[in-house]
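Asker: Positions in the sequence shown are counted from 1; adding 76 to them yields this note's numbering.
Hints are supplied without guarantee of correctness; some may be wrong.
[As the list claims (entries may be wrong)] Simulated crosslink set (BS3-like; lysine-lysine; CA at most 27 angstroms straight-line): (1) Lys-261 / Lys-249; (2) Lys-197 / Lys-164; (3) Lys-164 / Lys-226.
[Stated by the list, open to error] Restraint-style ranges between C-beta atoms, simulated for each label pair: (4) Arg-178 / Glu-290: 26 to 32 angstroms; (5) Tyr-130 / Phe-227: 35 to 41 angstroms; (6) Tyr-130 / Lys-249: 26 to 32 angstroms.
Because the hints were derived from the structure by calculation, they are not lab data. Glycine residues also receive a C-beta, built at the ideal position from the N, C-alpha and C atoms.
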Amino acid sequence: MLKQTLLAFSILAIAGSAAAADVTNPFYVAMKGQVGSVTTASMGRNVIKNTDDYTKSNTILALEEVQVGLSDSWAVVGSVGNTWDRWKSNWADATGETRSFRDNENIQWSAGLVWNALRDKTKWQLSAKYGQDRLKNYSGEYKYANVGTKFGYQFQRVLPYIAGDVEFPLFQKAGVDGNVPLGNKFIYNAKAGIYQGKCEVWALDTGLRMTYNENNEMRVITAEAEASYYLTPFATIGIFGTYALDGKANHSSDVYDKSVGARLRMYF
């Protein structure tokens, strides 16, 4: 039985090596007949502070993202996950009371399409998806659409790229306390990054991201980095972190945000 298992694994490894895909590349799309998987676990902390008043949120995220290749350029994408949130504020409401929440059922999912146009060293990607968050206690149900694009140019092992997306709120339903804090305006993301690595050994993806939320006029500039190591030609393990370098909300409140996590990337 052991010999059969090792033989099966060896055949799978050889097949994966023969058609190895760079699963850590920001332009990765599952090819026809392939399935790509990204499993993420992370923890983060967000603080919005104005003088002595503050809102704090500590979160743990578990997320599974899957791609199924329709062709060598098109793939169906989907994700499902949950966020465990601990939220606290010393801002008093109309009754003079401060608030705190614990949300353990923040289920989120999305589904959509991604398209790659790879021409020699030039890389271009378009994506569109529909998603839903169900935040039990605080912000209720939230449905949205998102469209995005990426553009990059390959210089040997170095791939500089830019990316951007826009999120359009479609529907919201208040949580148990009547709050709908996400608002109904657009959320914008833009990133400038550099990806580099040695084939099937290691990879590094770094960059700066700017997020702007029209609902509370929040603007945050975040540094991002992820380092990955190839376990096999078709599987990598990586660690990543984000740190807000600058952030403002409602023109006066300071925003502090950071996160760390790990990712397992595979394709079959």
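Asker: Tell me the numbers of any earlier hints that the structure contravenes, in ascending order.
Answerer: 2 and 3
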